[in-house]
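Student: Sequence:
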Amino acid sequence: MIKKSIRIGTRGSKLALYQANLTKKIVLETFPETNVEIVIIKTKGDKILDVALSKIGDKGLFTKEIETALIDGEVDIAVHSLKDLPTSLPDGLKLGAVLKRAEFRDALVSKDGRKLNQLTSGDTIATSSLRRKAGLLRINKNFKIVDIRGNVETRLKKMEEGYCDAMIMAAAGLQRLGLDKYITEILDPEVLIPATSQGVIAIESRIDDPEIDACLKEINYAETWDAIQVERSFLHSIEGGCQVPVGCYTKTEGETISITGFVAAVDGSEFLLGKESGRVDEGKIIGEKLSKKLIDKGAGRILANIRR
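Using the UniProt record's numbering, you'd call the opening residue of the sequence shown number 1 and step up by one each time.
Not one of these hints is a red herring.
Pairs of lysine to aspartate or glutamate residues, derived as DMTMM-like cross-links and limited to a Cα-Cα distance of at most 20 Å, are as follows:
no.	residue 1	residue 2
1	K251	E282
2	K181	D112
3	K275	E288
4	K14	D84
5	K94	E218
6	K94	D208
Per label pair, the in silico range of CB-to-CB distance:
no.	residue 1	residue 2	range
7	L28	Q118	39 to 49 Å
8	E161	I71	33 to 43 Å
9	E190	D112	21 to 31 Å
Note that these hints are calculated values from the structure, not bench results. We put the beta carbon where it would ideally sit given N, CA and C, even for glycine.
Model the full structure from these sequences, guided by the hints.
Tutor: Okay, here's the thing in structure tokens:
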């Protein structure tokens, strides 16, 4: 039995609404008789725009209020960027489905068209991510890294006004908004390792909702689902959040999936890198193995120092 009416909870930014509308489109293509409504909910991360993300705290910064609405029955599903969704979800909620992954890599947007290897000591690069900051300082410890908040258009305007020489952003976000022309280059993941589950749209649902389960089972994209099991298992096991210098990406070849991940000091002075692989159906175990490898190398100490 498929639910006749589905309310989608989402943030109100252009990117969030793109994600919600894409989900709506896929639901309607699969179940044309269903009525789908989008409900906009403001989160803490949307309200606080003058403080660095790393100083606000990372648990549910862009998801908590939407999850509360889901628990209270005000919406039937919640749509998120999976990289913003904590690996431990509130009681009664689960990750119900994912859509086909878009571009997973980071993009460099530079004011004058220079690529990353053409930027020099003293150039100012803007990012709100400690992961990207650590990765950039690993490349060149003399880059000047500044924080930047706001939606994509706001950030582009700040750069044009001279706030920075370049920015690092998720390539998928720019592409989804039709802003590809601003991408100077898409960065090799071996140069700058992406956020866990970057490029993935997630659908969160209630545990006890069989009608929604029946719907999500039909729209879940299996290959992406398999990849994020490995990636989120790694993040969960290493106790990384959205605002710590941790990242990973996966690659699938036939029945084998491999993961490359890292943990770093914020200033890039320590950078622990590891790889692990196994059968696709071993998902969570592979992520846990990589986590253990990095913890054995000292990842726990690095993260503890960051959280002090």
